[in-house]
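Q: Sequence:
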Amino acid sequence: MKILVVEDTVELCDSMTSVLIDTGYTVDKAYDGKEGLSMASVNIYDLVVLDINLPSYSGFQIAKELKECEETHSVPVIAVTARYELDDKLKGFEIGFDDYITKPFEMKEFVARVDAVIRRSKPNKSVILETDDIQLDPQRRVVTRGKKEVELTKIEFNILEYLLRNKSLIVTNEQLIESVWGEDSDLLDPPIRSHIKNLRKKIGDDDFTIIKTIPGIGYKID
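First residue of the sequence shown? That's 1 in UniProt numbering, and the numbers climb one at a time after it.
Treat the hints with caution; some may be incorrect.
Claimed, not checked - Distance ranges between label pairs, derived from CB positions:
hint, residue 1, residue 2, range
1, T153, V10, 48 to 54 Å
2, P55, D132, 42 to 48 Å
3, G96, S56, 19 to 25 Å
4, E106, E130, 43 to 49 Å
5, G24, T144, 46 to 52 Å
6, N43, I128, 29 to 35 Å
7, D14, G204, 41 to 47 Å
8, S56, D133, 49 to 55 Å
9, E109, W181, 23 to 29 Å
10, S56, I217, 32 to 38 Å
Treat the hints as calculated values from the structure; they're not laboratory data.
Predicted model, so just to flag it, every value in this text is computed and none were measured.
Even for Gly, the Cβ is constructed at its ideal location relative to N, Cα and C.
All chains should be modelled from the sequences, with the hints used to inform the complete structure.
A: Laid out in structure tokens, this is it:
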């Protein structure tokens, strides 16, 4: 897997590059937007990590050009930024950002988000998703705990699959709604809680140690 990191803060760029290389990725880096766009246009990457406030070209401009180009429109993009404004985040998602991480951040979280975005962008249907003794087969749509098959509804299966594909990350209620029901859904939080309750019951998660509730935000599987 090859990643491009575009960040004008040299120390941060080098740190992100080093931790990704240590994780097993091949990484190119650029310290300004113009160089980053040039590299992204002539090389094939599995992921591009972009700072928003870049010299010569902003991260918004680079992402927009990548998403409008036939050769690069499917390459996932993570925005790394010091911006906290909701409007900026919404603008980024509208352009096509796949995730957003706000400075300062821990490198463990950064790597976890990179892993999750790559898993989502290149879902390998033959890969078994698992946590503890629970296994989910996306191709056969089968869930087992231990050696016993667990019967789930379509929605319950999709919720569990999405949580497992984002393992170790907090998944918001809004992300679950968009993933499972579609972004146009008018479903609110109570139906999600109801499906999570039924899912926990079926997989034997009576003590909430598998699917963890993050109050006011969403859920998480470690």
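Q: State for each hint whether it applies.
A: For each hint, the structure was consulted:
| no. | hint | in the structure |
| --- | --- | --- |
| 1 | T153 x V10: 48 to 54 Å | 51 Å, holds |
| 2 | P55 x D132: 42 to 48 Å | 47 Å, holds |
| 3 | G96 x S56: 19 to 25 Å | 21 Å, holds |
| 4 | E106 x E130: 43 to 49 Å | 25 Å, violated |
| 5 | G24 x T144: 46 to 52 Å | 29 Å, violated |
| 6 | N43 x I128: 29 to 35 Å | 32 Å, holds |
| 7 | D14 x G204: 41 to 47 Å | 45 Å, holds |
| 8 | S56 x D133: 49 to 55 Å | 52 Å, holds |
| 9 | E109 x W181: 23 to 29 Å | 27 Å, holds |
| 10 | S56 x I217: 32 to 38 Å | 36 Å, holds |
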